[in-house]
Structure formats: structure tokens, C-alpha cells
Amino acid sequence: MNEITKIEQALSSDANAKASIGSLLDKQRKNYGLQPEFYLSDHIYRLDIEKVLMPHWQCVNHVSAIPNAGDYIVFDYDRESVIVVRDADNEIRSFANVCRHRGSRICETSGHARGGMLICPYHAWSYGLDGSLAHARMMPRDFDKQGFGLKPLPTKVVQGLIFVSLSDTPLAFDDCEENINATLGIYGWANAKVAYQSSVVFSANWKLALENQVECYHCAPSHPEFSVVHGQSTATEKKLIAEMNAKAAAQGIRVETRDHWALAALDGQEQAYSNRYPMTANACTASKDGSPLAPLMGKFQSYDNGMAVCYIGPMNHCLSYGDYGAIFRYTPKSLFETELAVIWLVRGDAVEGKDYDRDELTWMWRVTAGADKKIVEDNQRGVSSRFYTPGPYALPIEEKTVRFTEWYMSSLANAL
Amino acid sequence: MEQTDTVWIDVCSVDDIDEGGMHEFQHEERRIVIYRLEDGLFATDNVCTHEFALLSEGWLENGTIECPLHGALFNVKTGQVERGPAECALKTYAVRTEGERVLCSI
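In the order they appear, the protein sequences are chains A and B. According to my numbering, the first sequence is numbered sequentially starting from 1. According to my numbering, the second sequence is numbered sequentially starting from 1.
If you're looking for bench data, these hints aren't it; they were derived computationally from the structure. Cβ coordinates follow ideal geometry from the N, Cα and C atoms, glycine included. Check the hints yourself; a few may be wrong.
[Stated by the list, open to error] Okay, the calculated beta carbon distance ranges per label pair:
(1) A/ASP76 - B/GLY21: 43 to 49 Å
(2) B/LYS91 - A/ASP76: 38 to 44 Å
(3) B/ILE9 - A/ARG105: 43 to 49 Å
(4) B/ALA94 - A/ASN191: 51 to 57 Å
(5) A/TYR122 - B/GLU87: 20 to 26 Å
(6) B/GLU87 - A/PRO152: 22 to 28 Å
(7) B/THR78 - A/ASN191: 37 to 43 Å
[Stated by the list, open to error] So, partial list: chain A residues that the calculated Cβ filter (under 7 Å) puts toward chain B:
(8) ARG114
(9) GLY115
(10) ILE119
(11) HIS135
All chains, please: the whole structure from these sequences, using the hints.
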């Protein structure tokens, strides 16, 4: 019997699960990678979803992706699916994508609710954009439709970003809202528009994808394109940071930073983090050679040769350069499947083909996300080997990965 | 030249349609439904403009017909959509009586 079969057996009874996971957590060495079971056990994956991740918020998209009343997005998350729709009053609403008749998935993919109705394809129960059941075919005339509206989900829109929670008791969002306004707000995200979006599925556990996302130790060897234009924590970085801040200050711009991320999250609040990083010398933005790509956004009148990052919860990472933004959203699909959606934003009035070239705009992060898929999948293959033993993180450059895994283990321990 | 003269079709007897009731018929490829309201007889296409469903199997109330499939609501006098998911109005037809007979113009 291999190790994973053993742990799955041990975990199959609730009484044993606590002790088994507890002993795994006890085995964990500080500043070392996670034990293999955390990447391989289906039982732990279910706990991850239901206990660790469920209270957190997910960024679905930018409001410009659904510009007209009736436009909707289908957002799938593990076994769950959400319909995010713009209603007749321009309000963004979210509903569980589950028919109140017999539970069928209602909308398969994003689209437009023709005639203002979301219609279940199974038996044609029809819902209004406010989620109310408008028509239930062949049901008795006196059937009380009021009790059978779609289940609404907590939804927030901040700086044009749409967030949903699948939890009945989501974390408070105030700290994140403040943080987003103080960072992405400066870059004018509320008035941005989606220029392009793509998604790639990593055949890997969600934690490996996130561990990779939050460290740049791998950037030099794995992302040569990225490394040409992004600062690399070198001796010259301090000077570049000072120059970036001076260029921003000269325009009257101050982008706040905050670190309420991972275990530093405020009590009861969603994790909020923001920071600023310099580009390499003279690089304006994340393009092949650092040249500008699109009209400047928000308050920027000129490039400050820097960028801002803003994390919302554990799974949503936003970057903003002077002329474009990118949302990175990780979504667990199953134990060994994690989707990375990348959504590129430009200034709302920018015209494709005139003000920006879509291929050039998206090149850096298409290439970099593609490379991330490969390295994360290779990582999954490696940790699946019986020869894997957790190794030491490189500090300080992998400090955020340490913080991520510490937050994860703490959340799991609290859930037991 | 295309024939534009109105053709009146003899559809049924007035007694064939109850007050507040409907009568469907087919003329060549066309499916039509006649509604009998308090203030007269009206006719529209019998197929919902949203997806295929016969309105004559739906619910006639207060001068509106509710499609049985997705609940689209149409004004039977004007054909206008009063509630989605249909987005296009129904074609309407003139109806008159001649003695006991109901005639519909095609």
C-alpha cells in the first residue's frame, strides 16, 4: 500500500482525519515545503475547498465584460457554478447556477439572457434577471413561484472588479475595498475595459499554483521574457524604487501599500495586500522591450517605471502597470486541476488596433502564464513521486510562499 | 405582380370558441390562433416568437396570452411583447364575423 492510499484510508473516517492531518501538520518543518499528502489527497482537497477556501472571495471579472443588461458570466469553481448577471437596473447580481426545480445547471457558458430571462434548458423554468422565478412550465396555476427564485450570492463591485463569495458567511471585505481603491483606483480600474481574457488549466493542485504565483525565485530561470523588464530584487532595486516613487510623486500620485495578507489579515477580514515594484531601468511597462503598449491609465500622465500589485484573498492577484492591468485569478477545479484566468484591462476609451495592439499587449503574460503552467505541472509530477521530500524554501525571496503555506496550514488546522 | 388582396378565410363557427377561449387553425404553412375576449375576436400567429411553442396551449388572461414554454407574455390585440423572453411581437390578423361564421384575414 502506498503512502497516499494509507492516508486516504486513514482520512476516510472523521475521527481519524483530525489525528491524521494533525500528525501531518506536526511533521511540517518551518520554512520547508508541504508534505506530499497536501498535494495528493482527495480528502484534504475537499477540506481545502469546504473549510479553507470557502469563506474567501473570488474575483469573477471586470464589469466591462458584461456591459449590457442581461449579459452574464458563468463562473465555475470546483463543483460550484455561479451566474453573474447585469440586471435591468445595471446592478451586478450573482446567483447559484442551480435550477430550483430539480437542480440542473442552468447556464453552460457566459452569454446574454435574451428577453431578460435565464432559462433552464432541462424543463424550461424561466428566471428574471433579479433571480425570481417568472415561469414554471405546466406547473399548477396557483404554484407559489415566490419561494423558488435562484439563490443569490454575496457580490461586491469595487473599482469595476466583480467579486463573489460562495459562502453563507463570507469574510468582511472592507479592508480589501479600501486597499483596492487606494491602489487600483489610482490606475483608474473603475473606468477600464477588458481588452482580452484567456484561461489556462494547470494539471496541478491549487496550492502549487499559488506557491509559484507568490514567489519570484523562479523568475530568472523560468521567465526570461518577464525578467527583461521587471525588477529582480537586486542591489540596484532600492535605487529603482526611489526613482519610481519620485516619478509618481512628481505627478501628485501616491500608491498605498499594505500588508494584511495571509496570516496578517485583519480579524474577520479578507486578506488585503498591495505593494509597488520597479520595472528595470527605463522599462515603461511589461512589454517585450519595455516600450509603452497602451494609453496611460488613471491618474498617470507619464510612466513612473513601476507597477503595483494588489492581492484580494488568497486566489486573486491584480497587477497594474501605467498603461494596462492584469487580473490573475486562480480557481480550483479538482484535486489536480487549477484554472488560471488572466484578464487584461486597458483604459476604457482605448480602441484596439488604434491605441493598442492586442497581441503586443497580451504577449508578456501569455508567455509567462504558459511557462508557469509548465513549471507548476512539473512540480506536481515531482511531488507525486515517492522520492519527494519537502525541501527548504529560499529566504527571503520565497518569503511569501512560506507565508502562503503557513496561512494554509493554520486554516486547515482551525478547520479540523 | 404579387397578389395583395386580403383573403378572408372561413375558420369556424362563433359557437366553437368559448368566451375567454381560443381556437387554433392552420392555413397552408401558417399556424394562427383566434382569441375570444369580452370585447371581440382577435388573432395572432400561434407560434411564440421566442422558441417553438403553441400559444393556444398557453394561458389567456386580461387580454394577454402567456406562452406555455417560457412564459413570454403577448398582448393579443397588438401582438406586442409584455414580458420576455420573447423579443419580437406576434403577427396579428384581422377577424370579423359573418352571421355565425368567424372569418380571419390572411
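Task: Consistency of beta-carbon spacing, A/PRO152 to B/GLU87, with hint 22 to 28 Å - done: holds, 26 Å
TODO: Could you say whether the range 43 to 49 Å given as a hint is met by the Cβ separation of B/ILE9 and A/ARG105?
DONE: holds, 45 Å
Open item on the list: Quick check: does the Cβ-Cβ distance between B/THR78 and A/ASN191 fall within 37 to 43 Å?
Closed with: holds, 42 Å
Task: Beta-carbon spacing of A/TYR122 to B/GLU87 - inside the hinted bounds 20 to 26 Å or not - done: holds, 23 Å
Open item on the list: For the hint 38 to 44 Å, verify it against the beta carbon of B/LYS91 and that of A/ASP76.
Closed with: holds, 41 Å
- [ ] Look at the Cβ atoms of B/ALA94 and A/ASN191 and judge whether their distance stays inside 51 to 57 Å.
- [x] holds, 53 Å
Task: Hinted contact A/GLY115 with chain B - closest CB pair below 7 Å - done: Interface hint status for A/GLY115: holds (3 Å vs cutoff 7 Å).
- [ ] With 43 to 49 Å as the target window, see if A/ASP76 and B/GLY21 comply at their CB atoms.
- [x] holds, 47 Å
Open item on the list: Just to be careful: measuring from the Cβ of A/HIS135 to every Cβ in chain B, is the smallest value less than 7 Å?
Closed with: Status holds, d = 2 Å.
Open item on the list: The hint names A/ILE119 as touching chain B; please verify it with the least Cβ-Cβ distance against 7 Å.
Closed with: Holds. Min distance 6 Å.
Open item on the list: Hint validation: A/ARG114 versus chain B, beta carbon distance must be below 7 Å. Holds or violated?
Closed with: holds, 6 Å
Of the numbered hints given earlier, the model fails none.
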